[in-house]
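Residue numbers (the working numbering), protein chains in the order written: chain A, 60 to 200; chain B, 60 to 200; chain C, 60 to 200; chain D, 60 to 200.
You may find that some hints are simply not true.
You can't tell identical chains apart in this list, so a pair holds if it fits in one copy or across any two.
As the list claims (entries may be wrong) - DMTMM-like cross-link-like pairs, simulated, lysine to aspartate or glutamate; straight-line CA separation at most 25 Å: (1) Lys79 to Glu154; (2) Lys79 to Glu149; (3) Lys194 to Glu154; (4) Lys180 to Glu159; (5) Lys194 to Glu149; (6) Lys193 to Glu149; (7) Lys180 to Glu158; (8) Lys79 to Asp150; (9) Lys63 to Glu175; (10) Lys180 to Glu84; (11) Lys63 to Asp150; (12) Lys194 to Glu87; (13) Lys180 to Glu87; (14) Lys193 to Asp61; (15) Lys63 to Glu158; (16) Lys193 to Glu62; (17) Lys193 to Glu154; (18) Lys63 to Glu159; (19) Lys180 to Glu74.
Just so you know, these hints were derived from the structure itself, not from any lab.
4 protein chains.
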Amino acid sequence: MDEKFFQSLIRRSHEEPFGKMIGLEVVEVGLGFARIRMHASSRLSNIFGTVHGGAIFSLVDEAFQLACNSHGVMAVALNVSITYVSAPGEDALLEASAEEIYRTNRTASYACRVTEPLSGKLIATAQALAYRTKKSLVAEE
Amino acid sequence: MDEKFFQSLIRRSHEEPFGKMIGLEVVEVGLGFARIRMHASSRLSNIFGTVHGGAIFSLVDEAFQLACNSHGVMAVALNVSITYVSAPGEDALLEASAEEIYRTNRTASYACRVTEPLSGKLIATAQALAYRTKKSLVAEE
Amino acid sequence: MDEKFFQSLIRRSHEEPFGKMIGLEVVEVGLGFARIRMHASSRLSNIFGTVHGGAIFSLVDEAFQLACNSHGVMAVALNVSITYVSAPGEDALLEASAEEIYRTNRTASYACRVTEPLSGKLIATAQALAYRTKKSLVAEE
Amino acid sequence: MDEKFFQSLIRRSHEEPFGKMIGLEVVEVGLGFARIRMHASSRLSNIFGTVHGGAIFSLVDEAFQLACNSHGVMAVALNVSITYVSAPGEDALLEASAEEIYRTNRTASYACRVTEPLSGKLIATAQALAYRTKKSLVAEE
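Chain A with its partners taken away, still in its complex shape:
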């Protein structure tokens, strides 16, 4: 796939209703790779006043989604195992990355991590498994 296709994926991500609602922003998409950012604002808080586990997961999931679709073939999530390491600081900038570990015709797996990129503090790690359909994705105008 080429840069034009990656730009199309980024556009689709930025127009996605759920991503807009929680404040996701794509930093980079490459072959089998993606990085996404989000601010740990109080809008994302859980009952204890820290960032909701679902918000942190969603950041990971978006990176995973773009990485596994970066080959131009539609892929869907089969399983994600997330381990929470530490709670983000108040209003911290968070970044998730997803990096391809292997890819066959039918499945692919990604190593994901969430950090506070300014301090390098690790927030969560995840292992994500995608099912690869036969459907082609094309760059949208």
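Could you slot chains B, C and D onto chain A? The hints should help.
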């Protein structure tokens, strides 16, 4: 714990910023158990126009969060492994349940599932592991 | 599938080199379901003198393997997430069960647990995901 | 910890009954790190004649066990999520590595992978979570 404490947990969940934003509603909280609902509205869509994996996870995570805190001792997520089974129908009502499998002084594990309760269709299953702190939770007025 | 096919699966399991080496014994195979037993003998010990995590996993994996192949279509493991709950007693009898949660043409998922069946003590729980090939299995004479 | 302690861990691993039975051999132990080898011999076969998923997991688990105990504080497995990528070749040499991703006073997580070291072929990947007790380990004479 008693009914008053469960009602306090439900109130806190309904006041939680992230839960309000994505539309979570508690159905029931009991000892080691919780059920939560959410509508699969288009506001929760991903780049393919179906419900974002992060939104489905968040529904599970809220049920897990209430179930593991239902004993009156603060518990935090260590690991969640989610398996996606089928995409929800458009605008479908979704329900997540979390049910305690075991509990020691330091950890506890929950079997979770997401269904469309009207049809019984299975959307996702998850296994969730909590770390139990020593901190007591009290019913808030 | 019928009883003859289940008996054939049980025979193959009992002839399997790895299962014989660690002492696996099939209790029951049904559609989407299996139960296996093993003694927690000192032959299976780790560096701390308790049963090796790999031996407990292998017991689960055999139950999963038979359950996901019980439909007569060859299935292979994609992902297994195991949570260890408590160490088995010395020389305890252990039993693993695997039960189908869902099944599509391409994947299927199983809820697994390991207990000491005599006391009901829970040893481990697992969630297992299989990829279903198109290859038929037939009862071997 | 020092080299003497690592050598003591290696000795304990080589004397471990389960590891001896399935043919595990330690290559290296360092702080938060370990590598183990095993031959994919026919003794480890499952009902399909390929290496049993439990044997591959056991190789990973031994690397995890040594890596998480390398700090001189007893650690036990809480959760391991393994993804199977490809079946090993007949009689292939297999190597598992476990590498620490983070470590707090109560938990630690490890990224694990199994390869055929001669060809670099990836066999499996895993994410492993340990609970760290307060108990000290000492080098045994």
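Verification of the hints:
no., hint, verdict
1, Lys79 to Glu154, "both (16 Å within a copy, 24 Å between copies)"
2, Lys79 to Glu149, "both (20 Å within a copy, 19 Å between copies)"
3, Lys194 to Glu154, "neither (29 Å within a copy, 30 Å between copies)"
4, Lys180 to Glu159, "both (22 Å within a copy, 15 Å between copies)"
5, Lys194 to Glu149, "between (41 Å within a copy, 21 Å between copies)"
6, Lys193 to Glu149, "between (43 Å within a copy, 23 Å between copies)"
7, Lys180 to Glu158, "both (19 Å within a copy, 18 Å between copies)"
8, Lys79 to Asp150, "both (17 Å within a copy, 19 Å between copies)"
9, Lys63 to Glu175, "neither (29 Å within a copy, 37 Å between copies)"
10, Lys180 to Glu84, "within (20 Å within a copy, 33 Å between copies)"
11, Lys63 to Asp150, "neither (33 Å within a copy, 33 Å between copies)"
12, Lys194 to Glu87, "within (23 Å within a copy, 40 Å between copies)"
13, Lys180 to Glu87, "within (20 Å within a copy, 28 Å between copies)"
14, Lys193 to Asp61, "within (19 Å within a copy, 34 Å between copies)"
15, Lys63 to Glu158, "within (20 Å within a copy, 37 Å between copies)"
16, Lys193 to Glu62, "within (22 Å within a copy, 37 Å between copies)"
17, Lys193 to Glu154, "neither (30 Å within a copy, 31 Å between copies)"
18, Lys63 to Glu159, "within (20 Å within a copy, 37 Å between copies)"
19, Lys180 to Glu74, "neither (29 Å within a copy, 29 Å between copies)"
Hints 3, 9, 11, 17, 19 from the earlier list are contradicted by this structure; the remaining hints agree with it.
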